[in-house]
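Undergrad: What follows is the residue order along each chain.
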Amino acid sequence: MIRTEEMLLNVGPQHPSTHGVFRLVVKIDGEIITEATPVIGYLHRGTEKLAEDLQYTQIIPYTDRMDYLSAMTNNYVICHAVETMMGIQVPERADFLRVIAMELGRVASHLVAWGTYILDLGATSPFIYAFRDREMIINMLNELSGARLTFNYMRVGGVKWDAPEGWVDSVKEFIPYMREQLKGYHELVTGNEIFLDRVKGVGVYTKEDAINYSLSGPNLRSTGVKWDLRKDEPYSIYDRFDFNVVTRDEGDCLARYHVRLEEIEESLKILEQACEQFPAEGEIMAKVPKIIKAPKGEAFVRIEAPRGEIGCYIASDGKKEPYRLKFRRPSFYNLQILPKLLIGENIANLVAILGAVDIVLGEVDG
Amino acid sequence: MVEELLHSSPGLANFGIFFLLAAVLLLIVLGFVTYGILAERKVMGYMQLRHGPNRVGGKWGLLQTVADVLKLLLKEDIIPKAADKPLFIIAPVMAFAPSFMVLATIPFTDKFQFADIGVGLLYYIAVSGMTVFGMVLGGWASNNKYALLGGMRAGAQMISYEIPLVMSVLGVILLTGSLNLNDIVAQQDDTAWFILLQPVAFVVFFIASIAELNRTPFDLPEAENELVAGYHVEYSGFRWAFFMLAEYVYLFAMSALITVIFLGGWLPPFDFLGFIPGAVWFSVKFSAVVFVYIWLRSTMPRFRVDRLMEFGWKVLFPVALANIFLTALIKTLFF
Chain A
41 MIRTEEMLLN VGPQHPSTHG VFRLVVKIDG EIITEATPVI GYLHRGTEKL AEDLQYTQII
101 PYTDRMDYLS AMTNNYVICH AVETMMGIQV PERADFLRVI AMELGRVASH LVAWGTYILD
161 LGATSPFIYA FRDREMIINM LNELSGARLT FNYMRVGGVK WDAPEGWVDS VKEFIPYMRE
221 QLKGYHELVT GNEIFLDRVK GVGVYTKEDA INYSLSGPNL RSTGVKWDLR KDEPYSIYDR
281 FDFNVVTRDE GDCLARYHVR LEEIEESLKI LEQACEQFPA EGEIMAKVPK IIKAPKGEAF
341 VRIEAPRGEI GCYIASDGKK EPYRLKFRRP SFYNLQILPK LLIGENIANL VAILGAVDIV
401 LGEVDG
Chain B
39 MVEELLHSSP GLANFGIFFL LAAVLLLIVL GFVTYGILAE RKVMGYMQLR HGPNRVGGKW
99 GLLQTVADVL KLLLKEDIIP KAADKPLFII APVMAFAPSF MVLATIPFTD KFQFADIGVG
159 LLYYIAVSGM TVFGMVLGGW ASNNKYALLG GMRAGAQMIS YEIPLVMSVL GVILLTGSLN
219 LNDIVAQQDD TAWFILLQPV AFVVFFIASI AELNRTPFDL PEAENELVAG YHVEYSGFRW
279 AFFMLAEYVY LFAMSALITV IFLGGWLPPF DFLGFIPGAV WFSVKFSAVV FVYIWLRSTM
339 PRFRVDRLME FGWKVLFPVA LANIFLTALI KTLFF
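First to last, the protein sequences are chains A and B. Numbering of the first sequence is given in the numbering used here, commencing with residue 41 and proceeding in unit increments. Numbering of the second sequence is given in the numbering used here, commencing with residue 39 and proceeding in unit increments.
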């Protein structure tokens with residue numbers, strides 16, 4: 041008597057394509073997934089609880105380690121939250137430095153997303169090309185902040201270091217180079233039949249699903265929702281720049297791929313304008329008290345990180361440490377739709393769908 | 039030369055000569071595997087803005103593969119507790135043995151060939167199909183879910199590519215009127231290389247051969263991003279090396295076969311270049327084929343497993359059939 045049996049398969053936490061220590065318990069019938077349960081928390085460090093015993097400036101390095109691929113936006117969100125509570129006006133030069141750093145970080149982050157996604161699909165070379173170009177950004181941010189990944193660059197009221205001489209010019213030179221490379225990326229991967237076959241129509245969800253699951257960033261915009269906080273709730277000096285919000289209507293993995301690549305182009309536009317308008321001189325720190333004490337009360341701010349909306353909620357009782365700190369970490373929310381997407385797909389599509397969500401486990405686990 | 043020996047009376051001297059020749063072939067193949075791996079790593083390295091191996095054995099990492107093999111020999115030999123021990127041990131051998139067996143029929147030059155049998159091409163395809171048993175067995179015996187999936191994929195992949203592979207060479211066989219590899223080369227001497235006469239067959243054969251070799255974009259049985267390492271996930275040390283060795287010997291054999299069937303074997307491209315020995319021409323063409331395999335590997339993403347079957351049955355198979363039909367039609371009408 042022949043009978044078939046469902047098999048329980050542990051994908052991860054040590055698996056090449058889970059982008060870190062992410063575990064997925066899937067029930068498979070042959071290669072078809074019938075049930076998927078994500079297990080997270082292997083990288084949980086209790087950032088929020090730790091922050092309750094730390095002064096605001098001391099919290100900033102912890103945010104570097106959440107979404108370690110775009111640490112600049114994380115730096116910004118905590119500073120922005122404290123500045124909102126204290127009503128600090130950030131000097132213009134500092135704002136420009138912050139925007140340039142954040143947009144460079146966005147390009148770097150999308151490059152990693154692009155490279156690792158193609159790597160997940162089995163092609164090895166594009167990954168290395170993406171990292172070559174990311175390396176240039178990392179070097180620039182290294183010159184700016186003294187670190188390659190965990191920048192710890194921004195402070196409440198401004199930034200820690202001024203740009204070294206000629207730094208803005210090096211950013212300017214990078215923009216046309218990156219545009220040229222993007223063309224190469226499209227030539228190498230976007231038109232590839234095998235690639236299209238792997239991603240087209242895979243992992244589709246609707247606009248309603250995306251909103252109901254609270255997705256954000258490219259995951260949301262790939263379904264046609266035109267929602268970008270840089271445009272819709274401008275923070276910092278984003279209202280000064282002219283750029284488009286990239287959307288796609290299909291809602292599949294290919295749409296997410298396209299949104300990310302085109303967002304790189306839009307970020308380059310912002311960088312170009314920011315470098316043009318960069319003030320020749322000025323303060324990089326506002327006048328802030330030596331010991332930062334947020335006034336009693338609470339505040340919630342949200343900004344557009346490469347992976348979606350990152351939010352920061354601070355409840356303060358007027359001390360130099362927050363009473364409660366909470367981050368809305370976009371990867372965590374984006375991941376929630378995964379079990380729904382995986383049902384009925386095979387193992388090969390699991391990798392394609394998970395890669396297109398683009399999670400960073402440091403952020404998922406907090 | 040070998041043919042005469044085969045028909046002579048058996049004796050100690052003949053045995054010695056055969057043993058020597060076999061040892062020579064073994065050394066050639068192992069030499070190829072050693073430097074084929076190095077070449078693959080170097081070529082892929084330069085395509086990927088790296089240098090590849092460059093420390094062991096002087097400037098170009100000439101002894102890198104040797105060092106790797108030594109390391110594999112010294113590694114602890116692990117057999118999982120829950121594995122089916124006899125099958126687990128025998129699987130790498132089953133995958134590996136046919137890869138050497140197929141080399142016997144390949145004519146490297148007009149003189150250097152081990153068995154000039156009448157159905158050389160059929161022999162190659164039949165024997166090379168046996169390797170997949172080793173993979174399925176290895177995957178199954180490992181008692182690991184990823185390995186099982188990889189082994190099953192190897193089986194499914196074999197079913198989808200093997201038939202287009204055979205069908206595509208039928209056109210060549212029709213034109214030659216023989217399954218003998220020497221006859222196929224001789225026929226190309228009379229007319230033209232079969233890559234020119236049978237371009238469709240060449241393309242189908244080449245694609246199917248990548249699937250047979252389990253190389254990107256058809257490396258589904260060992261898809262590292264999906265199945266970690268596929269059918270050999272539980273293997274380590276020298277058992278693992280046997281799987282890898284089989285893979286690279288097949289790369290050697292398949293490139294040699296393509297050279298023989300489609301690129302005119304040891305023949306020079308133009309007659310006035312005939313003063314250069316056939317072995318040189320063979321190795322030049324052979325290296326070009328190997329290079330294309332490496333090139334594809336560093337460029338292409340991987341096929342999806344269910345699409346491979348569709349591709350094999352719905353695209354490659356009809357194309358190969360149409361090619362046979364056209365070839366037969368042209369041959370009866372015009373020749």
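Hints may be right or wrong, so weigh each one.
Stated by the list, open to error - Okay, derived cross-link-like pairs now, DSBU-like style, lysine-lysine, Cα gap no bigger than 30 Å in a straight line:
#, chain 1, residue 1, chain 2, residue 2
1, B, K183, A, K380
2, A, K240, B, K183
3, B, K80, A, K223
4, A, K359, A, K271
5, A, K366, A, K380
6, A, K327, A, K200
7, A, K240, A, K89
8, A, K309, A, K266
9, B, K80, B, K109
10, A, K309, A, K89
11, A, K333, A, K366
12, B, K80, B, K119
13, A, K247, A, K266
14, A, K89, A, K359
15, A, K67, B, K123
16, A, K67, B, K109
17, B, K109, B, K183
18, A, K200, A, K266
19, A, K336, A, K360
20, B, K119, A, K67
21, B, K352, A, K240
Claimed, not checked - For the chain B half of the interface with chain A, some residues (derived, Cβ under 10 Å), not all of them:
#, residue
22, L87
23, D154
24, N181
25, K183
26, D257
27, L258
28, A261
29, P339
30, R342
31, R345
The set of hints was computed from the structure by calculation and includes no laboratory data. We put the beta carbon where it would ideally sit given N, CA and C, even for glycine.
Undergrad: Checking one constraint from the list: CA of A:K200 to CA of A:K266, max 30 Å. Satisfied?
TA: violated (34 Å)
Undergrad: What's the verdict on A:K89 and A:K359, does the C-alpha distance respect the 30 Å limit or exceed it?
TA: Roughly 16 Å separates the two Cα atoms, so the pair holds.
Undergrad: Under the criterion that the straight-line Cα-Cα distance not exceed 30 Å, is the pair A:K240, B:K183 satisfied?
TA: holds (28 Å)
Undergrad: So, B:R342 near chain A? Judge it on the closest CB pair being under 10 Å.
TA: Cβ of B:R342 sits 5 Å from chain A, so the hint holds.
Undergrad: Are B:K80 and B:K119 close enough, with their CA atoms no more than 30 Å apart?
TA: This hinted pair is violated, its Cα atoms lying about 38 Å apart.
Undergrad: Would the hint on B:N181 stand, with a C-beta cut-off of 10 Å toward chain A?
TA: violated (12 Å)
Undergrad: Are the Cα atoms of B:K352 and A:K240 separated by 30 Å or less?
TA: This hinted pair holds, its Cα atoms lying about 20 Å apart.
Undergrad: Taking 30 Å as the top limit, are the C-alpha atoms of B:K80 and B:K109 close enough?
TA: With Cα atoms ~20 Å apart, B:K80 and B:K109 stay inside 30 Å; holds.
Undergrad: Given the hinted pair A:K67 and B:K109, is their alpha-carbon gap at most 30 Å?
TA: violated (38 Å)
Undergrad: Next pair to validate is A:K327 with A:K200; report whether the Cα-Cα distance is within 30 Å.
TA: holds (13 Å)
Undergrad: The hint names B:P339 as touching chain A; please verify it with the least Cβ-Cβ distance against 10 Å.
TA: Hint holds; B:P339 Cβ to chain A Cβ min 4 Å, cut 10 Å.
Undergrad: Is A:K333 close enough to A:K366, meaning Cα to Cα at most 30 Å?
TA: Distance of about 17 Å is within 30 Å: holds.
Comparing the model with each numbered hint stated earlier shows that hints 4, 7, 10, 12, 16, 18, 23 and 24 do not hold.
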